[in-house]
Amino acid sequence: MKNDLFLNLMEGHTAVSLAGMCKNAGKTTVLNRLLKELGDANISVGITSIGRDGESVDVATGTKKPRIYIREGTLFATSSELLRNCDVTGEILETTGMYTPLGQVVALRAKSDGYIDLAGPSMNQQLAKLSQWFLNQGVHKSLIDGAISRKSLCTRQVADAVLLCTGASYHRNIQRVIEDTAYISRLLQLKRTLKEAGIRKITSFRKSRKPDEKLLFLDQDGNFNVAEPGQKLIDALRETENQEYPFLWLEGALTDAMLKPLLFSNVSCKNKSFVVEDSSKLLLSQDTYEKLRRKGIQISVLEEITLLAITVNPFSAYGNHFEKQEFLERMQQAVSLPVFDVLEGME
Amino acid sequence: MIILTLEQKQSLGFQYLLDDMQPNCIYGQELVKNAAPASRGEQQELQEELKRLSLLVEGYEKHRSFWDSMELILMQMKEVRGSLKRGAEVVLTDLELFELKHFLLQWEKLQQLFRREDAVLLPGIAPEDTVGALDLLDPQGRRLPGFYLVDEYAEDLRQVREQKRHLEVVLRQEHEEKKKERLLRQRQEEVAKEEEISQRIRGEITEELRPWLNRIAQNCDVVGKLDFLIQKAKLALRYKGICPTLTQEELKLENMRHPAIEKRLSESQKFFTPISFQMEPGAAVITGANMGGKSVALRTVALNVILAQSGFFVYATEARVPLFDTICMVAEEYQSMQNGLSSFGGEIMQLQNAINAQKEGFGLLVFDELARGTNPDEGTSIVRAVVRYLKERHVMAILATHYDNVAEFADYHYQVAGLNQVDMKQLEEEIHSAKGTKGIDIISKYMNYGIYQVHGKEECPRDAIHICGLLGLEPELMELILKE
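Chains as they are written, first to last, in the working numbering: chain A, 11 to 357; chain B, 213 to 696.
Rather than coming from a laboratory, the hints here were simulated on the basis of the structure.
These figures come from a predicted structure and were not determined experimentally.
Glycine residues also receive a C-beta, built at the ideal position from the N, C-alpha and C atoms.
Keep in mind that the hints are not guaranteed to be accurate.
[To be verified] One side of the interface only, derived from the structure: several residues of chain A facing chain B at Cβ under 10 angstroms:
# : residue
1 : S90
2 : R94
3 : T105
4 : E254
5 : Y255
Taking the hints into account, I'd like the entire structure generated from these sequences.
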C-alpha cells in the first residue's frame with residue numbers, strides 16, 4: 011500500500027474543489043486518487059463537477075482520458091443525459107430543478123463501485139447548494155471537479171479548499187508552466203487583511219448598493235466613502251488621494267483594462283489595498299499584477315480559500331513531455347506548498 | 213371557455229389577481245395561467261366549482277392545518293405527464309420511474325391527509341387510489357424517496373450484482389496494473405449483463421404500470437384543481453370576496469371593489485369608493501366629468517363579472533351575475549399601434565368584432581370611451597347609434613362616455629358622483645389656503661368616484677368648469693367659458 015498523499019491535507023476542509031491549469035493536467039487521475047484515499051479511510055463523499063469537463067476521448071488531442079471511479083455509498087450529481095454513461099448501480103435520490111445543456115441535474119447514491127460521468131451545474135450558487143445538499147445527506151466531504159478556466163478557478167462560495175493541477179500540456183516551455191502555475195497559486199493564496207468592522211461595512215454596502223456603485227473606500231474601523239456611481243477607478247482614486255482610506259473594495263471582477271490607466275498615471279496608491287470578493291474575481295495578467303505590486307498596491311480578498319497542494323503531470327498530450335524529476339523539483343522550488351507528481355505514487 | 217388575451221386580463225386587473233396567486237405545482241400554475249370565463253354550456257361545472265370554493269373559504273381558518281399540510285404536499289408534486297405519455301408507448305427510464313414513484317408517494321400522502329379527522333371533502337374531487345402502481349415501484353414497501361432497480365425485482369439481477377460486487381471488492385485491494393486491468397474487464401462483462409437484465413425489468417415494470425397510467429393522469433388533474441382552489445380561496449380571503457349567485461339575465465353587484473385599483477390608490481393614501489351597479493339585458497351608460505372615474509367604474513363591473521364567470525369569488529357585498537356566451541371589451545388601448553391602424557380605425561375594428569360576437573349569443577359588451585378621439589359631433593352620433601343598436605339586441609352593453617345626450621337612449625344611466633355632493637365653499641377655501649400648487653390633489657381627494665343611477669333626464673354636471681375655476685384658471689378666460 012502506497013502512502014496517502016492528500017488525506018491529511020484535506021482534514022478540516024468539507025468542500026474541496028479541483029482546478030486545472032489546462033486539459034490533460036491529470037485532474038481526473040488526481041480525483042481518482044483522492045476518492046481512493048477517502049474510500050480506504052471510510053470517509054464518505056459527495057461529488058459533482060462545474061459544468062462538463064469534456065468527452066472520454068479528448069477531442070483536441072485524441073488522447074484517451076481516464077474516467078472517474080467511485081466507491082459504493084458515494085453521492086454524485088450529474089445531468090440526466092449522462093446517466094447512461096455511468097456504470098455504477100445508481101439509486102436516484104432527487105431531481106434538483108437545476109438544468110444544464112445535458113438535461114436536469116440529478117442526485118444519486120452509488121449502490122456499487124463503478125464509473126461515473128459528471129456534468130454538474132455551472133453557476134456558483136447552484137454548486138454551493140448542491141455541495142450543501144451532499145453534506146446534509148450526511149457525507150463527510152464534498153468534492154467538486156472544477157472546470158479548466160481561469161474565470162471559474164473556484165470561489166469560496168463553492169469550496170473552502172482547492173487542489174491545483176498543472177502539467178506539460180499547458181505549454182511546451184517548462185519555465186512558462188512553472189511561472190504561470192506559481193502565479194495562479196499566489197492568487198489562490200491571497201489573504202483576507204480586512205478586519206471585522208470593515209467586512210461588515212462591505213457586506214452592508216453590497217446589500218444596499220445601486221447597480222452602478224462599485225467602489226467603496228474604507229478603513230479598518232468601518233469609516234467609508236462610496237465613489238460616484240459609474241465612476242472610473244482612476245478618477246475615484248484621484249479624488250480620494252488625500253483621504254486616509256487604506257482599503258478599496260471593488261465590486262465584481264478586476265481586469266487588466268480597468269487597471270491600465272492607473273498604471274500609466276501618477277496617482278499615488280502607496281499602501282492602498284484593493285479588496286475583491288475572492289481570487290476568481292482577479293482576471294489579471296501576471297504582468298499587470300506585478301506592476302500593481304510595484305506601485306505599492308496590495309491585493310486581498312474577502313473570502314480566503316486554502317490551496318492544499320499542486321499536482322504536476324510531466325506527460326503532455328501533445329508529445330513534448332517534461333523530465334519528471336526536473337519538473338517536480340522546479341515546481342517545488344517555485345512555491346511553498348506540497349507538490350506531487352500525478353503519476354508518481356498514483357499507479 | 214371564453215378566451216381572454218393577456219392584454220385584456222391586464223387591462224381589467226384580472227391578471228393582477230392571477231399574479232397574486234402562488235400555485236404550488238406545475239398543475240396549479242397551468243390552471244392559474246389559463247384562468248378564463250366559462251361558457252354558458254359549462255354552467256354546471258362552474259356552479260360546482262363555486263360550491264367547492266365556498267366550502268373551502270368558509271372552513272379555511274378552522275381547517276388551516278389541513279390546508280397547510282396539503283400545500284406542503286402539493287409543492288412536491290412534479291411534472292409526470294410526459295412520462296405517462298411515453299410510458300404508454302415505450303419502456304420508461306430509471307429517471308422517469310423515479311419521478312413517477314415520487315409523484316405516487318406524494319399522492320399517497322395526499323390520500324392519507326384526506327383520511328385525517330379534520331379533512332375537508334370537496335364534492336367532485338375524487339382522489340383515485342394508486343397504491344398498486346406505487347407497490348410496483350417500491351417492491352420492498354419501504355416508501356422511501358429514492359429509486360433504483362432493487363435486487364428484489366429479479367433473482368438474476370441479484371446474482372449478477374453479487375458477482376460484480378465480488379470483483380469490485382477485489383479491485384479495491386489490487387495494485388498490480390495487469391491484474392487490475394483483467395479485473396476491470398471482468399467487471400465490464402458483469403456490468404453489461406446487469407444492464408441487459410435491468411432493461412428487461414424496466415420493460416416489465418412499464419408493462420405492469422400501463423393499466424394505471426390513465427388513473428395517474430386523472431390524479432394530475434385533481435392535483436391541479438386542488439392547488440387552484442386553495443389559491444382562489446386565499447385570494448378570496450385576502451381581498452374579502454364573496455360567492456356570486458349565478459342568474460339567467462340579472463346583473464346586480466353591490467359595493468364592488470377592484471383590488472388592483474384599490475392597491476394603486478392606497479399607495480397614494482387614497483381610498484376606493486365602492487361601486488354598485490345593476491341592469492338587465494339592454495344598454496347602460498356611465499357618464500361623468502373628465503377627472504371622474506367612468507373608466508374605473510366600467511372596469512370594476514367588467515372585472516367582477518368575469519371573476520364570477522371564471523369561478524372566482526367577487527369583490528362585492530352582493531353579487532348576482534348571469535353567464536354570457538361572449539365577452540367583448542372595446543377600448544383604445546387594446547388596439548396596438550404596430551398593426552398600422554390609427555387609434556380610431558382600431559376601435560372601429562373592435563366595435564365590428566363586438567357586433568359580430570353578440571350575434572353568437574348572450575353577450576357582455578363593454579366600451580370604454582368609444583370614439584373619444586373623434587370630434588364631439590361625430591363621436592356623439594357614433595355612440596348614440598351604438599346605444600340604440602345594442603339596446604335592441606340580447607346583450608348587456610355598458611358604455612362609459614363623456615359625450616352628452618347619449619344617456620337618453622340607454623335603458624340605464626349611471627353618473628359618476630364627482631364633485632356634485634361637495635360643499636364647494638369649503639373646497640374653495642381649502643384650495644385657497646393651500647396656495648395653488650396642491651389644488652389638483654385636493655380636488656381629487658374630494659372627488660367621489662362612486663356612481664349613482666340617474667332616473668329620467670338630469671342636467672349633466674358641470675364638473676369640468678368647476679374644476680377650471682377651482683384650479684384658478686385665468687379669470688378673463690373663465691368669464692368667456694361661462695358665457696359660452
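Consistency of the hints with the structure:
About 6 angstroms separates the beta-carbon of S90 (chain A) from the nearest beta-carbon of chain B, less than 10 angstroms, and the hint is met. Satisfaction of the interface hint for R94 (chain A) is found here, the shortest Cβ-Cβ separation to chain B being roughly 8 angstroms, below the 10 angstroms cut-off. About 7 angstroms separates the beta-carbon of T105 (chain A) from the nearest beta-carbon of chain B, less than 10 angstroms, and the hint is met. A cut of 10 angstroms between beta carbons decides the hint on E254 (chain A): the least distance to chain B is about 44 angstroms, and the hint is violated.
For Y255 (chain A), the interface hint is violated, since its Cβ never comes within 10 angstroms of a Cβ in chain B; the closest pair sits about 40 angstroms apart.
Of the hints listed earlier, those the structure fails to meet are numbers 4 and 5, in rising order.
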